[in-house]
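Colleague: Sequence:
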Amino acid sequence: MKRYILFLFISLLTFSLHAQNIDVTGTVIGESDQEPIIGAYVKVKGSTAGAVTDLNGTYMLKGVSGKATLVISCVGYATQEIPVKDRHTLNITLKDEASDLNEVVVIGYGAVKKGDLTSSISAIKGDKLEHMSTGNVMNALQGQVNGVQISNAGGPGASPRVIIRGISTINGSDPLYVVDGMPVGTNINFLNQNDIESMQVLKDASASAIYGTRDSNGVILITTKKGAAGKTKFNASATWGFQTLSKPDIAGADEYRQVFNTRYTNDGHTSIFNETSDDGRSSLGNTDWWDETMRDVALQQNYNFGFSGGNDKYIYSASIGYYRQDSQYKTGNWQKLSARFSMEYNFNKIVKAGIDFTPRYENWDDTPSLLGAIMAMDPTTPVMNDEDKWVSNPYSNYARSHNNQEWNPVASMNRLDSGADEYALLATPFVQISPIKGLTFRTQFGVNARFRMTNSFVPEFFIDNLEQQNPSTVSSSHENWIDWNWTNTLSYMKTFNKKHNLNVMAGYTVERFQDYQLYGSRDDVPSSIEEMRYINAGTTNQQVSGVASYNSLVSYLGRLMYNYDERYYLTASVRVDGSSKFPSGSKYATFPSVSGAWRISGENFMKNQKVFDDLKLRLGWGKVGNQNISNDAYISSVGTTRYVFGTDATTTVGTAVNRIGNTQVRWETVEDFNIGVDMAFLKNRLKVTADWYTKKSHDMLMQKENLLVLGLPAWNGRMWENIGSMKATGWELGFNWQDQIKDFTYGASLNLSSVRNKAVNLNGNYIYTGSHNGDYIIRNEEGLPISQFYGYVVDGLFQNQTEVTSYTNEYGEAMQPNAQPGDFRYKDINLDGKIDENDKTYIGNPFPDLMVGFNLNAAYKGFDFQAQFYGTFGNDIYNLNKERYFGLNGSNVLAGTLHAAWHGEGTSYDIPRLSVDDPNGNYTKPSSYFVESGSYFRCKLLQIGYTLPKSVMGNVQLRVSLSAQNLFTITGYSGMDPETASMGSATEAGIDWTGYPNPRTILLGLNLNF
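So the sequence shown is residues -19 to -1, 1 to 991, counted in mature numbering (1 follows the signal peptide of the UniProt record, and there is no 0).
Read the hints as simulated data drawn from the structure, not as lab findings.
One should not assume that every hint holds.
Claimed, not checked - The calculated DSSO-like cross-link candidates involving lysine-lysine, where the alpha carbons are at most 30 Å apart (straight line), are:
#	residue 1	residue 2
1	Lys228	Lys311
2	Lys668	Lys588
3	Lys106	Lys475
4	Lys668	Lys480
Computed from a predicted model, the values in this text were never measured in an experiment.
Input sequences plus hints: build the corresponding full structure.
Modeller: Here it is in structure tokens:
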């Protein structure tokens, strides 16, 4: 009997197993066109079994449990999960992926679906920014958003230069940053990139005009992460790594000595090279000043921990992060400690309240600025004097070169004792009331407070009469910025008859900006020990000064958004700003905008076409403002001064004009026009966006020099006036591809953009900038591109005396009477037979013809890969480092200069002869010799990561990554870094002053989610 029962049990079990494992087949089609989908991935949930649909859209899975669930995914379609339920045939219809168009995008004082945008707005999710470990999140944005030029500065705590769609005013080019609805100015170093949920870049005035006066250079909206209902989730991450700089190739002691002597003998002089040091040593050293002052590697660290959760009543999130970047010098670093807490509480279905609270601390142990001195310092000079020559003051024991005027860079670095501490808080509490469906009132108060303390100590020392400090000085400054903002908005959303969609908003804001500064110093500190380096220790020359300033802004704003059947879109907004910076009668200005869009792909005549998945045309126009002037630009004032009366030189306190105000000064405005098209192809796998724009400033604010005949001093005679205009015109083209093949997903994006910046009106004047060697490198002129290099055109080198003497005018007069063989031959641009100031012309443009961003991503099972590239093409750099071929004032030179410089006919055609007198002005005159192509293409990020499978980690997700930042650069530029060299201001850009370059960074990262 038992045997029969066992047989029956085994039979039933076998039958059950066969009943549970079946073959499943079917066809996958698209909902909109009912066509088979090729390449859809049909996978058994929770296993590795899967199949890809063939050319007919069919698939087959063998041995599938009848209780299993199939996961069907394909790029361009919404992923679906369908239970098998013992069915052998499962035909599946995938819905078109609407998440991209339905994705919510934050705009000024509101949010809309991405598909409803009528303006030029670029959105990027926070997870796209977390791959690069950086102290400023804008560094990670480089190359990922079209039309945004970001130039990174490499030093610890340095902020990048950000230009959105060119420059249309000389009054700054930085965009406005708005964090969770609170305008925070033009620097977001304080933000932790791991706290960012999304960033939106408002690029045209039709999008940004709702911010009125504060957005003439564009707006970047930043939304931080919030909690979500559900179980508390934790996240921890850490990155460790190091940075390196490429060492410049500088001449050693032997070549330096030969170059020094040759400069004199070439000009017929006896060399004055000093073979003996200060302490009497006749055998001089061979000091490598780079090795003496720079680290081989500088450490970088980034740690973050956060959690979030909530329920139907409330949601919360919190995080804390620490970031530190050491300087490449042997001293200096920047570190920041930031925290964030966010909470929202639903009192009922009508009332909701919340707060975002972000305290932070930053510390700067100042990084030296010594690259120029390191490269120029005499390598025959030792670092220190012999010990038997030492004195009691350790800062006086450093060696001094008598062959050039550079201060000993090791001494300068070791004397440096300055730094700053900043405590800050950003808080934005709000209350939101929704009394009826679609109607929402929101009031938010924001405060952004910063308190910075800066301390500096300069010890007394004496190395020689040219390198000394007496007396010692200690100083301290305290600066507080307290900005607050109160915003009230009322919005209403309603859909009528299923096709008429309306979104209306009205608002009122009040803002106040306060700045308090206090500075004090004293001299003659009795000792240089650490305990004495504070103000009270100084004994003489007490100096105290301070200033307080503030300004206010009151604004009324409104916006109407309407679309019919998600085909025809219209958006109109207006903002009225009143600023305390302007006089009565000119305080208020109105900034309107209007934009529209037509979704052509939604028309009936497009239903049967197979090319476009989405096709939308956009048009936008708007005006924005600029009030970037002093708080009291319209007020004239007098102050005290001292006058000499009588014959005994006795001075008496009197009054004098110290500022000239202009009671007619008014708002500067920037008018913007944009046309764009958004397209999607191949089941939304390929997306293309194209834009063309132009923006022009009107009544541009400039400071005009007053006539001295008015009796005003030159230094106080400048007055703000509306006398200028600038224009920027450009285009953008973006491609994005995303696809999936089974477990392999991959994507690529390419961003191309170009912009031309032109000065339209400068009140009939030239603006000269870039002062160097008693001349100017840059001239800004009406009707021409801004910030162009201006100088002489070099037409090769005179190779022999015959060429020198034959370079004459029609009267036989020498055009360069001071020239010798090996000197520059300058072009006679105006053909007047002589070389003078009138032969200067424009010799370079620092702004690129083309900006390129290229990004790659891929993932296969647990592996992922990221790569980011960025480059500029067609821009020029004025490379002052090329002066190092001359040995100016006895400074060191680039290695190989002795043979690279002209030293006989045919020996060089570009680097002039070595000279101490330089009668031809080879290195003192601004010329095309210094202008180089600044084009470059840089690998900004290369990262590979691996997420351990759940079979190993359970419910804990652990990802390990290895990253390289600034891994390589393709460029013909001979300076240290074409990216750093391209920085500057609107009217002074592209001069390489030997700034801190961007380092190569290698990082190991860990990320833990549970």
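Colleague: Assess, step by step, whether the Cα of Lys668 is no farther than 30 Å from the Cα of Lys480, and give holds or violated.
Modeller: 26 Å, holds
Colleague: Are the Cα positions of Lys228 and Lys311 separated by 30 Å at most?
Modeller: Since the Cα atoms of Lys228 and Lys311 sit roughly 15 Å apart, the hinted pair holds (cutoff 30 Å).
Colleague: For the pair supplied as a hint, Lys668 and Lys588, is the alpha-carbon distance within the 30 Å limit?
Modeller: Holds, at roughly 19 Å.
Colleague: For the pair we were handed, Lys106 and Lys475, check the Cα-Cα distance against 30 Å.
Modeller: 28 Å, holds
The earlier numbered hints are all upheld by this structure, with none contradicted.
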